[in-house]
Amino acid sequence: MLNTYIKEQKQKKDILLMTHIVIGYPDFEQSFKIVETMVKAGVDLMELQIPFSEPIADGPVILAASQKSLDNGARVQKCMDFAEHVSSRFDIPFLFMTYYNILFKYGVDAFARDMAEKGLKGAIVPDLPPEEGADYLKTMSDNNLSPIFIYSPTTSRQRMEYINQYAKGFIYCVARKGVTGAQTSFSSQMEDYLLQCRESTDLPLAVGFGVKSKEDVDFLKGRADIAVVGSQTIKLMDEKGMSVVEDFIKGLRT
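Residue numbering for the sequence shown follows the working numbering, starting at 5 and increasing by one per position.
If you're looking for bench data, these hints aren't it; they were derived computationally from the structure.
Glycine is no exception: its CB is placed at the ideal position from the N, C-alpha and C atoms.
Heads up, a few of these hints could be off.
Here are the computed distance ranges between Cβ atoms for each label pair [stated by the list, open to error]:
| hint | residue 1 | residue 2 | range |
| --- | --- | --- | --- |
| 1 | Lys44 | Glu12 | 15 to 23 Å |
| 2 | Tyr166 | Gly255 | 37 to 45 Å |
| 3 | Lys218 | Asp113 | 38 to 46 Å |
| 4 | Gly245 | Arg93 | 19 to 27 Å |
Straight-line alpha carbon distances no greater than 25 Å define the calculated DSS-like cross-link-like pairs of lysine-lysine that follow [claimed, not checked]:
| hint | residue 1 | residue 2 |
| --- | --- | --- |
| 5 | Lys244 | Lys11 |
| 6 | Lys254 | Lys218 |
| 7 | Lys37 | Lys254 |
Modelling step: build the complete structure from the supplied sequences, incorporating the hints.
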């Protein structure tokens with residue numbers, strides 16, 4: 005199970021790294037090379053985003069990557085096939101990140117079953133609250149998959165404890181209000197927020213939205229279990245090419 009893997013890895017490292025790619029961006033061949041490069045650089049787990057035309061949580065960098073992937077012909081079945089290829093090739097857990105319309109159109113049961121068959125370990129579906137996800141939660145459980153739920157700085161303590169009843173694997177703690185990719189202040193206010201997150205669950209905590217440097221990752225050590233790096237990798241790759249990805253990932257923890 006995902007939770008067990010994370011706890012075992014935490015025995016060896018002071019913080020884990022989770023990266024994020026948009027499947028099919030810049031194209032499927034290069035997506036595979038990006039995954040290969042990130043695994044080689046020491047990433048511990050990875051989000052594979054199925055591109056969607058109307059995302060609610062994505063900032064401009066990931067939004068543009070998703071749109072280009074869709075324009076290039078990325079579709080859900082191709083993303084499933086890609087996920088199967090990388091999960092069979094690399095020995096880290098892979099998760100899907102996408103939106104509920106994708107699952108609804110595909111069929112929630114079929115989506116979870118295919119995820120399990122293709123070697124995925126869980127999913128992040130930001131627009132699906134537990135109250136509306138009974139079918140999703142049941143089929144995820146039936147297929148031994150982890151439904152990852154989200155805390156944000158506006159989530160009340162009562163709500164955190166409610167969400168925790170349905171979460172498995174880890175809790176994704178959004179570092180600030182807004183969408184991915186903008187500047188985040190790693191401050192005492194963030195420390196207080198993460199302390200409240202920690203007190204609300206026994207699951208590992210992953211922190212994303214604005215994590216882009218070694219200093220950010222260092223701040224999270226001792227306060228969270230997983231640092232999530234998303235937009236910054238795509239931005240660097242767009243600006244300087246894929247050759248910088250390995251050194252960037254390695255530099256986050258050394």
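So the hint says 37 to 45 Å: do the beta-carbon atoms of Tyr166 and Gly255 match that? holds (38 Å)
Between Lys218 and Asp113, does the beta-carbon spacing fit 38 to 46 Å? holds (42 Å)
Is 19 to 27 Å a correct range for the gap between the Cβ atoms of Gly245 and Arg93? Given a distance of about 23 Å, which is inside 19 to 27 Å, the answer is holds.
For a C-alpha distance cap of 25 Å, please report whether Lys244 and Lys11 respect it. violated (35 Å)
Holds or violated: Lys37 and Lys254, Cα atoms, limit 25 Å. holds (16 Å)
A range of 15 to 23 Å was offered for this pair. Does it hold for the Cβ distance of Lys44 and Glu12? holds (21 Å)
Given the hinted pair Lys254 and Lys218, is their alpha-carbon gap at most 25 Å? Roughly 10 Å between the alpha carbons, so the hint for Lys254 and Lys218 holds.
Going down the numbered hints, you'll see the structure goes against just number 5.
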